[in-house]
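**Student:** Start from the sequences, fold in the hints, and give me the full structure.
Read top to bottom, the protein sequences are chains A and B.
Reminder that position 330 of the first sequence reads as 330 in our numbering, one-by-one numbering, no gaps.
Reminder that position 250 of the second sequence reads as 250 in our numbering, one-by-one numbering, no gaps.
Result set (DSS-like, lysine-lysine): computed pairs, CA atoms no more than 25 Å apart in a straight line:
1) B/Lys-273 with A/Lys-261
2) A/Lys-264 with B/Lys-273
3) B/Lys-41 with A/Lys-138
4) A/Lys-406 with B/Lys-249
5) A/Lys-276 with B/Lys-280
6) A/Lys-331 with A/Lys-311
7) B/Lys-273 with A/Lys-276
Covered stretches of chain B, going by a simulated chain A footprint (3 or more residues, C-beta under 8 Å):
8) 57-64
9) 101-109
10) 271-279
No lab work stands behind these hints: they were computed from the structure.
Every residue, glycine too, gets a C-beta built ideally from N, C-alpha and C.
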Amino acid sequence: MTERPAAERIRDFEEAPLGYTVEQAIEEAKRCLLCKDAKCVAGCPVEVDIPGFLRFIAQGDFDAAVKKIKETNSLPAICGRVCPQEEQCELKCIIGIKGEPVGIGNLERFAADWERENQPSPASAKARPPLPEGEGKKVAVVGSGPAGLTCAGDLAQLGYQVTVFETLHVAGGVLTYGIPEFRLPKKIVDLEIDYVKSLGVDVRLDVLIGNTYTIEDLLKEFKAVFIGSGAGAPRFMGIPGENLDGVYSANEFLFRVNMMKAWKFPEYLTPVKLGKKAAVIGGGNVAMDAARVSLRLGADEVYIIYRRTEKEMPARREEIKRAEEEGIIFKYLTLPVRYHFGGHGWVGEVECLEMELGEPDATGRRRPMEIKNSNFKIQIDSAIVAIGNSPNPLVPLRTPLLRTEKWGGVIVTPEGLTSIPGVYAGGDIVRGAATVISAMGDGKKAARAIDAFLRG
Amino acid sequence: MAMSWRQGRGWRSSKLNRVVKKEKLNETVSRIVLDAPLIAKAAKAGQFVVVMPTENAERIPLTIADFDTAAGAISIIFQIVGATTRVLDSLKVGAEIAHLLGPLGTPSQVENFGTVAVIGGGVGIAEIYPLVKALKKAGNEVITIIGARCEDLLIYVSELRTHNSELKITTDDGTCGRKGFVSDELKDLIAGGKKFDRVIAVGPVPMMRACCDMTRPHGIKTIVSLNPLMLDATGMCGICRVTVNGETKLGCVDGPEFDGHQVDFEELTSRLKMYRDVEKRAYDHVCRLLEHG
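**Tutor:** This is the structure in structure tokens:
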């Protein structure tokens with residue numbers, strides 16, 4: 001797929017890839033062998049009928065292609081952009097064994113974008129799929145991120161009356177506060193949320209479940225509850241100087257920019273202060289996002305500091321490539337050990353150690369080991385800690401009967417049922433920080449289980 | 001008891017987050033009473049709300065200065081110090097604030113401690129009001145000390161007096177009550193033989209710090225209510241992190257109240273100043289808009 005040149009895109013928050021043209025899409029879809037026992041479908045957490053929608057694209061029937069995807073996936077424009085297809089459907093593609101797999105993700109994105117540009121808005125009655133005659137039983141969904149939206153959308157399609165409770169002032173969860181505009185435009189998130197609302201789902205903002213209402217309160221009014229409150233609690237390394245001014249969690253940094261629109265300060269009143277040299281600690285997609293946002297906010301020198309090598313980096317290859325193209329400086333085999341003052345309480349330097357790789361650890365990746373006395377310092381104006389998030393502690397904290405793992409994840413059965421009857425959970429509140437698509441898969445599975453439970 | 005989600009004063013009410021009353025307590029401090037039945041119902045002393053007066057505003061944390069479950073209303077008191085409080089202050093009765101979230105934070109610990117000194121400074125004077133009421137109700141002997149720079153800046157005097165015959169007042173310039181700081185009054189009370197089982201201090205950081213320094217040698221447990229910068233205020237961003245007993249805690253979820261003898265006030269002071277320079281730009285921007293629009 002064609003991408004905008006790096007020099008152009010670092011000056012704005014628009015997307016890097018341009019998307020397929022109609023001709024490119026048809027040509028790409030025709031590469032699909034339409035396998036009878038399609039392995040790609042087994043690789044999709046939300047069970048999209050991939051050969052089914054690719055066949056329609058190859059025939060030029062894009063409307064039918066979108067409808068086919070939406071049979072099992074309410075959020076195709078999002079999945080087409082942020083799913084790690086290279087580890088899922090495209091990894092399983094038979095053509096991929098010898099050459100490039102079919103660009104399933106790009107085609108999903110194409111179909112969803114085609115619909116957005118050519119069809120009436122999803123909120124209109126026309127686009128609304130017919131609702132089956134449900135009993136209209138009421139279900140509450142906690143959190144409007146990918147898990148919650150999927151669960152809510154699926155339940156609404158089954159005829160349930162669904163209310164989604166969102167803590168923040170905009171819906172979308174991590175899709176809104178976490179993933180930057182240039183990777184997932186907010187107008188697309190808004191449209192996908194409008195689509196879920198068009199199914200009859202009521203989304204209520206500014207309600208913190210645990211505080212405004214408890215889960216117990218919800219169970220008095222709703223027949224079932226799905227908790228999809230995410231992994232929003234930032235981790236820090238616990239090294240000296242981490243509380244100096246100018247050391248951000250990736251959550252804080254991205255929240256300021258994505259949610260509070262600090263890049264439009266002072267039209268939007270929330271500021272962000274970055275300076276000219278920024279260091280991002282970590283090697284996941286969030287670290288790539290934070291680094292690329294830093295460039296777009298005007299930083300000249302942006303480092304990614306990661307304790308292993310590129311090979312072990314958990315970020316998607318295409319995100320690493322884009323970050324490299326844009327001029328991010330990768331410091332591999334480097335471990336921050338301390339932040340130093342630069343004056344006025346603000347951070348000025350990050351002190352690091354050089355590392356080397358030893359034997360594989362429990363994750364199968366080679367364990368990074370410190371090289372003694374290899375300390376060196378990098379001058380910085382700010383640092384962004386992107387070493388992962390833990391499950392949001394608030395709902396478990398205020399719900400004593402809800403059983404959790406030691407690390408905070410809510411314990412569920414394979415169907416998504418928690419330790420409280422009628423209460424289900426899925427997404428990052430169960431898995432810790434994982435992917436959008438796995439959260440959606442959990443939401444889908446839980447919707448099925450809730451339906452079975454309520455039909456009893 | 002089943003809750004009414006769709007009727008009366010529920011979320012669907014058109015009067016959601018409406019300003020029902022507004023008054024100026026002094027030159028820079030205002031009080032707003034908001035129609036917020038759900039928050040009023042769930043609130044406990046010591047908790048706060050996040051307020052976004054308009055869609056482009058910051059999310060700012062403000063202590064719930066009073067709540068009336070029956071009337072479904074909460075009071076917030078704020079000093080006009082920045083852009084968002086300036087916008088909030090421009091709202092008139094009948095206006096709706098864009099977003100209101102709460103109650104947030106861990107409630108104050110309220111039980112019968114014995115004799116408690118509750119100390120308020122600046123806007124903190126209003127914030128101790130629900131706490132004084134709750135502590136009295138729990139059977140404590142409560143001695144309230146409030147302080148401000150001068151008499152004009154004292155707020156909530158009559159409200160606090162109705163709940164407290166022994167209200168002590170200090171002003172820096174001596175225009176009302178004793179000349180000096182709240183910590184001086186506390187010092188004299190302790191020196192005079194008054195035994196305190198607990199001290200609770202709410203106000204500017206230097207005031208809370210001075211109170212802690214005063215009580216530390218006497219081993220009196222001292223609780224402070226911290227006001228770090230916040231963003232989401234639900235444990236997600238970490239900007240409100242404070243060091244307490246060498247450990248990093250989140251002001252929004254673990255707090256806002258902490259054992260004052262364990263708080264790293266120096267770090268807190270520095271973190272509170274982090275955005276001061278750019279905040280001035282936002283404030284000027286908002287003032288221009290409000291004055292010309």
